[in-house]
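If you want the building blocks of each chain, they are given just below.
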Amino acid sequence: MLEESTESEWQSEVKTGTTIIAVEFNGGVVLGSDSRVSAGETVVNRVMNKLSLLHDKIYCALSGSAADAQTIAEMVNYQLDVHSIEIGEDPQVRSAATLVKNISYKYKEELSAHLIVAGWDRRGGGQVFVTLNGLLSRQPFAVGGSGSSYVYGFVDAEYQKGMSKEDCQQFVVNTISLAMSRDGSSGGVAYLVTIDEKGAEEKCILGNELPTFYDQ
Amino acid sequence: MERHYMDSKIKGVSTGTTILAVTFNGGVIIGSDSRASMGGNYVCSKTINKLIQVHDRIFCCIAGSLADAQAVTKTAKFQISLHSIQMESPPLVKAAASVMKELCYNNKEELQAGFITAGWDKKKGPQVYTVALGGMLLSLPFTIGGSGSTYIYGYTDAKYKPDMSREECLQFATNALALAMGRDNVSGGVAHLVVITEGGVEHVVIPGDKLPKFHDE
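Residue numbers (this note's numbering), protein chains in the order written: chain W, 1 to 216; chain S, 217 to 433.
It should be emphasised that the hints constitute simulated quantities derived from the structure, not laboratory data.
This one's a predicted model, so the numbers in the text were calculated from it and none came from an experiment.
Treat the hints with care, since some could be wrong.
Pairs of lysine-lysine, DSBU-like flavour, derived with a Cα cap of 35 Å [unchecked claim]:
| id | chain 1 | residue 1 | chain 2 | residue 2 |
| --- | --- | --- | --- | --- |
| 1 | S | K377 | S | K426 |
| 2 | W | K165 | S | K338 |
| 3 | S | K324 | S | K377 |
| 4 | W | K161 | S | K262 |
| 5 | W | K161 | S | K339 |
| 6 | S | K338 | S | K324 |
| 7 | W | K161 | S | K324 |
| 8 | S | K426 | W | K165 |
| 9 | S | K262 | S | K310 |
| 10 | S | K429 | S | K339 |
| 11 | S | K338 | S | K293 |
| 12 | W | K203 | S | K290 |
| 13 | W | K203 | S | K426 |
| 14 | S | K293 | W | K161 |
| 15 | S | K262 | S | K429 |
| 16 | S | K310 | S | K338 |
| 17 | S | K375 | W | K203 |
| 18 | W | K161 | S | K338 |
| 19 | S | K324 | S | K339 |
| 20 | S | K310 | S | K375 |
| 21 | S | K340 | S | K377 |
| 22 | S | K262 | S | K290 |
| 23 | W | K165 | S | K293 |
| 24 | W | K165 | S | K429 |
| 25 | S | K293 | S | K324 |
Computed footprint of chain W on chain S, listed as stretches where at least three residues anywhere in the stretch have a Cβ under 8 Å from a Cβ of chain W [as the list claims (entries may be wrong)]:
| id | region |
| --- | --- |
| 26 | 254-264 |
| 27 | 286-297 |
| 28 | 301-314 |
To list a few chain S residues with every Cβ distance to chain W over 10 Å, as calculated [unchecked claim]:
| id | residue |
| --- | --- |
| 29 | D272 |
| 30 | A283 |
| 31 | L349 |
| 32 | S355 |
| 33 | G405 |
| 34 | E414 |
| 35 | E418 |
| 36 | L427 |
Beta carbons: idealized from backbone N, C-alpha and C, even for Gly.
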């Protein structure tokens with residue numbers, strides 16, 4: 001029995017089958033993710049933080065193959081550090097997103113990870129960029145990962161332009177909670193990062209503190 | 217998710233679709249889109265009716281292979297009529313759903329269709345039953361199905377409340393269908409809704425341009 005399960009664990013790739021979301025508000029962005037990492041049917045990490053720092057006020061949300069996503073994030077973190085020393089000030093969110101996009105596009109065939117890049121900079125305020133498959137596109141909000149399919153309807157219906165910071169945070173937490181309850185590859189706790197002019201604030205919401213809906 | 221993959225692998229005409237049924241205070245609303253597609257990128261019909269009346273106050277909606285669905289619903293309609301004549305009273309919604317379930321379960325190898333049965337009867341009032349691909353029968357306060365349903369699980373989980381009024385329920389069902397049609401490429405056309413209560417049956421058809429619009433439209 002033991003032998004059987006170890007074999008299948010090592011044979012299946014480690015994926016962050018996941019739910020990630022990023023939303024712009026007036027003055028910043030809110031990023032959110034679940035915390036489950038699965039290898040086939042086993043959960044190999046139930047508390048992974050999928051919101052990775054790229055720079056002080058720029059974060060990215062990871063989905064897809066865990067190794068690919070982490071590697072891209074680390075490479076871009078390094079490239080951004082060099083870039084920000086070269087220009088002598090904080091990098092723009094668009095620059096970070098472009099760096100991610102360049103890697104995703106160049107290694108399109110080999111990689112299978114999708115990163116959503118979001119942050120705050122002086123020139124454009126809060127911005128969210130999607131970089132799926134090497135495309136670069138700015139959007140008011142973005143969802144990604146396997147759990148996102150289940151909440152497209154919800155985010156389409158509930159998103160409104162000009163939400164406040166607190167409304168955005170609530171919207172993100174609700175979305176993640178709904179996705180976790182329907183997607184087998186999403187679960188655990190919810191991580192939230194709020195980025196504005198003053199900096200980035202990380203928060204973790206435990207499973208039993210998440211909002212519940214009518215059947216829970 | 218399994219259902220979603222099945223729909224796009226079906227050869228021939230399939231109702232890649234969005235269907236739902238919701239109970240409210242005093243009745244039930246059953247609804248669907250109206251698109252029939254072939255191979256995921258050809259729309260063979262923009263105005264197909266997926267809500268089949270199997271008895272006075274009982275409707276079925278179909279998802280999956282159209283041919284299978286039509287065959288099953290024709291057979292079920294006949295069996296339910298016969299049953300109702302023998303019992304000398306209108307059939308129970310549960311009986312209609314059981315008939316669908318028997319047909320699906322006994323022919324599970326050949327069939328590729330899922331059903332939602334909804335209606336009103338004197339014994340239990342408004343009810344919704346779902347018969348899944350393999351023949352499982354479940355009774356639920358509301359249910360969604362078809363390929364487009366994947367995108368609205370979050371919305372319906374968040375927005376459903378027990379004991380809604382007729383207007384609230386109509387708005388809920390319309391919104392859910394509009395959202396699913398907006399994201400699923402094999403669902404679309406018009407929204408068909410049927411409101412079933414003790415007093416009767418009412419058809420509501422909402423053309424594409426009158427559907428509710430959301431933030432990006």
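Structure-based check of all given hints:
1. S:K377 to S:K426: holds, 25 Å
2. W:K165 to S:K338: Given pair K165 (chain W), K338 (chain S) is violated - Cα atoms ~50 Å apart, limit 35 Å.
3. S:K324 to S:K377: holds, 34 Å
4. W:K161 to S:K262: holds, 33 Å
5. W:K161 to S:K339: violated, 48 Å
6. S:K338 to S:K324: It holds: about 32 Å lies between the C-alpha atoms, which stays within 35 Å.
7. W:K161 to S:K324: Not OK: K161 (chain W) and K324 (chain S) at ~48 Å, beyond 35 Å, violated.
8. S:K426 to W:K165: holds, 33 Å
9. S:K262 to S:K310: Status holds; Cα separation ~32 Å.
10. S:K429 to S:K339: Between K429 (chain S) and K339 (chain S) the Cα gap is close to 39 Å, so the pair fails against 35 Å, i.e. violated.
11. S:K338 to S:K293: holds, 20 Å
12. W:K203 to S:K290: violated, 56 Å
13. W:K203 to S:K426: Outside the cut-off at roughly 42 Å; violated.
14. S:K293 to W:K161: violated, 49 Å
15. S:K262 to S:K429: The given pair, whose Cα atoms are some 20 Å apart, holds under the 35 Å limit.
16. S:K310 to S:K338: holds, 12 Å
17. S:K375 to W:K203: With a Cα-Cα distance of about 26 Å, the restraint between K375 (chain S) and K203 (chain W) holds, given a limit of 35 Å.
18. W:K161 to S:K338: violated, 47 Å
19. S:K324 to S:K339: holds, 30 Å
20. S:K310 to S:K375: Cα-Cα ~26 Å, so holds.
21. S:K340 to S:K377: Roughly 19 Å between the alpha carbons, so the hint for K340 (chain S) and K377 (chain S) holds.
22. S:K262 to S:K290: This hinted pair holds, its Cα atoms lying about 22 Å apart.
23. W:K165 to S:K293: violated, 55 Å
24. W:K165 to S:K429: Between K165 (chain W) and K429 (chain S) the Cα gap is close to 25 Å, so the pair holds against 35 Å.
25. S:K293 to S:K324: holds, 19 Å
26. 254-264: That given contact is violated, which follows from only 0 residues of the region 254-264 of chain S lying within Cβ reach (below 8 Å) of chain W.
27. 286-297: It is violated, with 0 qualifying residues against the three required.
28. 301-314: That given contact is violated, which follows from only 0 residues of the region 301-314 of chain S lying within Cβ reach (below 8 Å) of chain W.
29. D272: holds, 31 Å
30. A283: holds, 27 Å
31. L349: holds, 18 Å
32. S355: holds, 14 Å
33. G405: holds, 18 Å
34. E414: E414 (chain S) clear of chain W: closest Cβ-Cβ about 25 Å, beyond 10 Å.
35. E418: holds, 25 Å
36. L427: At roughly 12 Å from the nearest Cβ of chain W, L427 (chain S) sits farther out than 10 Å, so the non-interface label holds.
Of the numbered hints listed earlier, those contradicted by the structure are 2, 5, 7, 10, 12, 13, 14, 18, 23, 26, 27, 28.
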